[in-house]
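Chemist: Join the two chains, each given in its own frame, into one complex according to the hints.
Taken in sequence, the protein lines are chains A and B.
Residue numbers for the first sequence follow our numbering, beginning at 1 and rising by one.
Residue numbers for the second sequence follow our numbering, beginning at 237 and rising by one.
Simulated from the structure, these hints should not be mistaken for lab results.
Be a bit skeptical, because a hint or two may be false.
Unchecked claim - Listed below are several chain A residues computed to face chain B (Cβ distance under 7 angstroms; list not exhaustive):
#	residue
1	A51
2	A53
3	V56
4	L82
5	R86
6	A92
7	E97
8	M101
9	I104
Said to hold, decoys possible - Far from chain B, by Cβ distances over 10 angstroms, these chain A residues were calculated:
#	residue
10	H21
11	R29
12	I100
13	G102
14	D110
15	E117
16	P169
17	I170
18	F197
19	Y233
Ideal Cβ positions, reconstructed from N, Cα and C, are used throughout, including at glycine.
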Amino acid sequence: MSGYLDVSGLHVYYGGIHALHGIDISVNRGEIVSVVGVNGAGKSTLMWSIAGALPVARGSVTLDGVRLPPRPHEIVALGISLVPERRRLFTALSVEENLIMGAIRRSDKDMAERDRERCFTLYPVLKERLRQRAGTLSGGEQQMLAIARALMSRPSLLMLDEPSLGLAPIVTESLFDTICQIRDEGMTVLLVEQNAFQALEISDRGYVMQSGEIVASGTSRELLENRLIRKAYLGE
Amino acid sequence: MLLQTLVTGLSIGGIYSLMAVGYSLIFSILSFSNFAHGAVIMLGAYMGMVLAAKAHLGLGLVVIGSVVGAGILSVCNERAAYAVLRRRRAPSLYLMISAMGCSMFLENMVYATIGARFYSFPEFFKRQVIQVGGSSLSLLDLFAFVISMGAIAALHIFITRTRTGISIRAGVNDMTMCSLMGVNTDRLISIVFFLAGAFAGVAGVFLGIKYLVYPTMGWVTNKAYIAAVIGGLGSLPGAMIGGIILGVLETLVSTYVSSIMRDVFSFTALVVLLICLPNGLLGTDTEEKV
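Chain B on its own, in the form it takes in the complex (with noise of 0.2 angstroms):
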């Protein structure tokens, strides 16, 4: 049971991670909460069951339509709804207000077009389970871990190794002497977009195949914030560690306790982290960035 629980834990605390991921992503170059996260995290789902449903796809395959699809997507919404702010150098309570405007555009879009209903993807391998030490675990779980932890682990290899990576990092450190030294900071930030709305497509799909898919179910994003605070706001192993925690902490919650107890658990321990330590686990002044 305990095992079961913790493995069910790892499974959300990573899709919570991919969310948080992306947050702090955009957090830490522009420095705003971008509110529309869960608005492609909700398309990125959509085009995922599209792929599956209508054109009959594996997972795989699924899985890298949803990525492709929502990382253009949410280049899109910055190229139309931040960059106009950015280049007039508008604050970041601008670009915060804009993205709340951004997510009930695409939501009410979804409703007035695809409209209110639940759809469930599939069945991939929903009840398909393995057994270890008497628990059945199930393999969806341990698949949406493992495939949030290899792309989390992937992206960290990107931003530390390659020529891009580092330019991002640089252009979190200081925007304007990374455009000194010739880099496109328009291109740059187009790319940390693409990557955090690859993000949101996995976070999407494996939400989608866990639970349903309907126009509201980007509001989960509200605790990949939780997860993104908690860990340290821009830090990216923050992200990671703070997504776990909370998916782990919050299912032992609802198991143990009462699922209804559940949400009033993961804010009530947010105001008490913050509370502690008010730049998150990982967030201190000198921590790097991303």
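The shape of chain A in the complex, shown without the other chains (with noise of 0.2 angstroms):
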């Protein structure tokens, strides 16, 4: 196993409890990668520790071989850039307060104001509320600047954590092509999502949680086509 991301026996404990038993995944250089399972599975724990922003008790993540540093903001410096769930934006500061956050540890100008307008290019609707608190945008326009933040920092690695939460369902899908046009710039995504089934369609590769534990994976038909998978785990 030597993917670009790889994540080995991964054990992980968030407020007293063992939340992440001996996980295992990889994820390989451009491809989207999608971690499913019901509410309370380990999905988002598993994000926050591959982040940095919970301890790892025992096991490994290691990105393009190399072991991942302790805390959060070295690991941005390797290109690791996280979506939260719930977005989390900056809200009392402006669009543009939360895009130069996005930005904060780099130090090519010239680059990050490129990857500005690339970001305006995206979503348009950013450049117009530049000024606007972040906590005044609607939900999709939320979203948007989240993953707009994201991508201030150019990682190679982007990790999505239920994106696709409390959005109607043709801001969804524009969410999802989007998600798909970044991987097709040459990112690789990690996307976990309840939203199982519209998740998988978009990704090469799937594995499913439950209770802390990997209990399925293969290739995202692989997984859609097991009845049994479908059945047990993606709520049909």
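Modeler: Structural data, given as structure tokens:
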């Protein structure tokens, strides 16, 4: 097993609970990989631990063969960016300031400016709302800003935790289109979704999580076509 | 007479504002009341006094020296006493108790080493006055007010215009996300403590010049705390407005009513205001903190 991102034997405790019991997942460069499963399966815990916001008790996470450092700001520097569940924007800051925060580590001003323009091409509405407080945006706009903010750090691996949560179906659809577009530009995407069918449809491969363990994995087609998996884990 | 009282009030208010801003900065980023802030002000005053009396520096250099010294002291205070608790995600009550301990430790260190003596600053322009419309205004009071407001304006520009300043406001909003953006939050918190200490340094020097320098002079931060709460804890403009309101009202009360009633008045005003506006003047939930 030697993908781009490798998680092996990951054990994490969260709030005194043994939340992850030896997770093994691997993501290859340029893939979209989904982690699906019911609420409380530990999907978000997995994302937060990869990003460094939760301490790893046992096991390892490597990116391109390099073991990840312990603190979040050092992990961002290696090219991993997380769009967390419920977005967690800096609601008191303006849209512009949120984008500045996304690029806070970068010293290459010209390139950062170009990435900003690229975000505006992706989401023109953000340009109109630059001076507006992030907290006053609509749900869909907030999700756009959350993704734009994450892209501003120019990540090689983008992790999205429940990006479709609380969005209208039509907005969700365009969100998934964007995710494909981002992948086509060369980024690797790790996607966590409760909305399992839609997520697997745009993914190359998938993992099914339950009670802190990976219970099934395979290509998206295999998972979608397996009736037992559909019944037992995907809530059909 | 009224103009003179007003200027005195503004100068005291300015000093309260400086102290309240320090409180508010730390409160907004770590959600605890840093009761060691008064001790930092007191040591800032001692540093300024040593620079003025022993090194014979001018007021400008004394303020700068005290700003740097108190800033560093404040950072050391955080590293030694709060950082460990913070990393273990201790409730903010523990941080507050630790801060009280630090305050007592520092005060008693001064008693044990320097002694309980009262010191006074050498005269800068204590007695110089300018005449405006028949009343004589103290140059020191005017200077204290202008410097205080200038420092707060500079802080405002810093936190709204610079990348570090925006990071501080982002950290106030959501510290975890701030670290996920790539900000070293330990460093960020140190910067905030440095800023709070620097403001304490300025406040300490002016308090020392206006009154005296002694180990428990930091207790005046009770007033700054009231000012911060009146303005809305965590709000920077609130801290400034709260400080000035308190300073002016106090001076009016001690001039026209009785100086004994001054503190009674301050605390009564606080209680009444909190009953009417539990979040302070500018501390509504939607108000941007810092």
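Chemist: For every hint, state whether the structure bears it out.
Modeler: Going through the hints against the structure:
no. : hint : verdict
1   : A51  : 6 angstroms, holds
2   : A53  : 6 angstroms, holds
3   : V56  : 16 angstroms, violated
4   : L82  : 6 angstroms, holds
5   : R86  : 11 angstroms, violated
6   : A92  : 4 angstroms, holds
7   : E97  : 5 angstroms, holds
8   : M101 : 5 angstroms, holds
9   : I104 : 5 angstroms, holds
10  : H21  : 23 angstroms, holds
11  : R29  : 22 angstroms, holds
12  : I100 : 6 angstroms, violated
13  : G102 : 6 angstroms, violated
14  : D110 : 16 angstroms, holds
15  : E117 : 19 angstroms, holds
16  : P169 : 28 angstroms, holds
17  : I170 : 28 angstroms, holds
18  : F197 : 29 angstroms, holds
19  : Y233 : 29 angstroms, holds
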